[in-house]
Amino acid sequence: MKKSALLLVAFLMFLGCQKEQRYTTSSPEIDIAKEHIQSYEDGDWETWKKQYTDDSKIYHNNWDVARTSTEALNGHKLIISRLSSYEYLDEPIFFEMIIDDNGKKWVNFWAVWQGTLKANNTTLKIPVHLSINYKDGKVVEEYGFWDTSKLVEAIDEIAIDGDMSSELIE
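Take the sequence shown: its letter number 14 is residue 49 in our numbering, and every next letter is one higher.
If you're looking for bench data, these hints aren't it; they were derived computationally from the structure. Treat the hints with care, since some could be wrong.
As the list claims (entries may be wrong) - With a straight-line cut-off of 30 Å between C-alpha atoms, the simulated DSSO-like cross-links for lysine-lysine are: (1) 139 to 84; (2) 85 to 140; (3) 185 to 112; (4) 170 to 69; (5) 69 to 84; (6) 112 to 69; (7) 160 to 69; (8) 153 to 170; (9) 173 to 139; (10) 153 to 112; (11) 160 to 173; (12) 140 to 84; (13) 69 to 139; (14) 85 to 139; (15) 92 to 140; (16) 112 to 173; (17) 140 to 69; (18) 185 to 139; (19) 140 to 112; (20) 140 to 170; (21) 160 to 112; (22) 92 to 160; (23) 185 to 160; (24) 173 to 69; (25) 153 to 185; (26) 69 to 185; (27) 85 to 112; (28) 173 to 92.
Computed from a predicted structure; not experimentally measured.
Let the sequences and hints guide you as you build the complete structure.
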């Protein structure tokens, strides 16, 4: 009996020392992120918008000034209106989820965005990184970073011909 009790205590201590998994490449949050990316690519803005909370904070290419989902959506639509096509390339594309020290769930996404300008048929490829904090299946915070210099340069070339201005860039 004593031996059984000691084994039980040892087993419980072993279980108590197990760390929670804090990194994964498959999770419900990653599935939501994939749906989010797909709704962006499809131009399904109703589905895209539903994935945010009413007070989501979206930081694109900055750390300090948050936008609302409506403001981010308007920025996306403005850029996309000048494109004949856009998508995230299938390769390379990476998704991972981490749980930070505060218990927040973040999905990190890396991919190459490709868009073709209507005005001159120039195709651009821009690496993109998104880090999205989910709570109860909704975006609470989103940080997105990408280099807009190629897009600004291409739009400035078109602007010389009087077609558009790089002020469109978010």
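Hint-by-hint comparison with the structure:
1. 139 to 84: holds, 21 Å
2. 85 to 140: holds, 19 Å
3. 185 to 112: Given that 30 Å is the threshold and the Cα spacing comes to 19 Å, the pair holds.
4. 170 to 69: Measuring from Cα to Cα gives roughly 16 Å; hence the hint holds.
5. 69 to 84: With Cα atoms ~14 Å apart, residue 69 and residue 84 stay inside 30 Å; holds.
6. 112 to 69: Distance of about 20 Å is within 30 Å: holds.
7. 160 to 69: holds, 20 Å
8. 153 to 170: Violated. Residue 153 to residue 170 sits at ~38 Å, over the 30 Å cutoff.
9. 173 to 139: holds, 12 Å
10. 153 to 112: holds, 14 Å
11. 160 to 173: Roughly 29 Å separates the two Cα atoms, so the pair holds.
12. 140 to 84: Roughly 20 Å separates the two Cα atoms, so the pair holds.
13. 69 to 139: holds, 19 Å
14. 85 to 139: Since the Cα atoms of residue 85 and residue 139 sit roughly 20 Å apart, the hinted pair holds (cutoff 30 Å).
15. 92 to 140: Holds: residue 92 and residue 140 sit about 15 Å apart, inside 30 Å.
16. 112 to 173: holds, 21 Å
17. 140 to 69: holds, 15 Å
18. 185 to 139: violated, 34 Å
19. 140 to 112: Status holds; Cα separation ~28 Å.
20. 140 to 170: holds, 7 Å
21. 160 to 112: holds, 18 Å
22. 92 to 160: Measuring from Cα to Cα gives roughly 26 Å; hence the hint holds.
23. 185 to 160: holds, 8 Å
24. 173 to 69: holds, 13 Å
25. 153 to 185: The hint holds at about 15 Å.
26. 69 to 185: Given that 30 Å is the threshold and the Cα spacing comes to 26 Å, the pair holds.
27. 85 to 112: holds, 16 Å
28. 173 to 92: Since the Cα atoms of residue 173 and residue 92 sit roughly 12 Å apart, the hinted pair holds (cutoff 30 Å).
When held up to the earlier numbered hints, the structure conflicts with 8 and 18 and fits the remainder.
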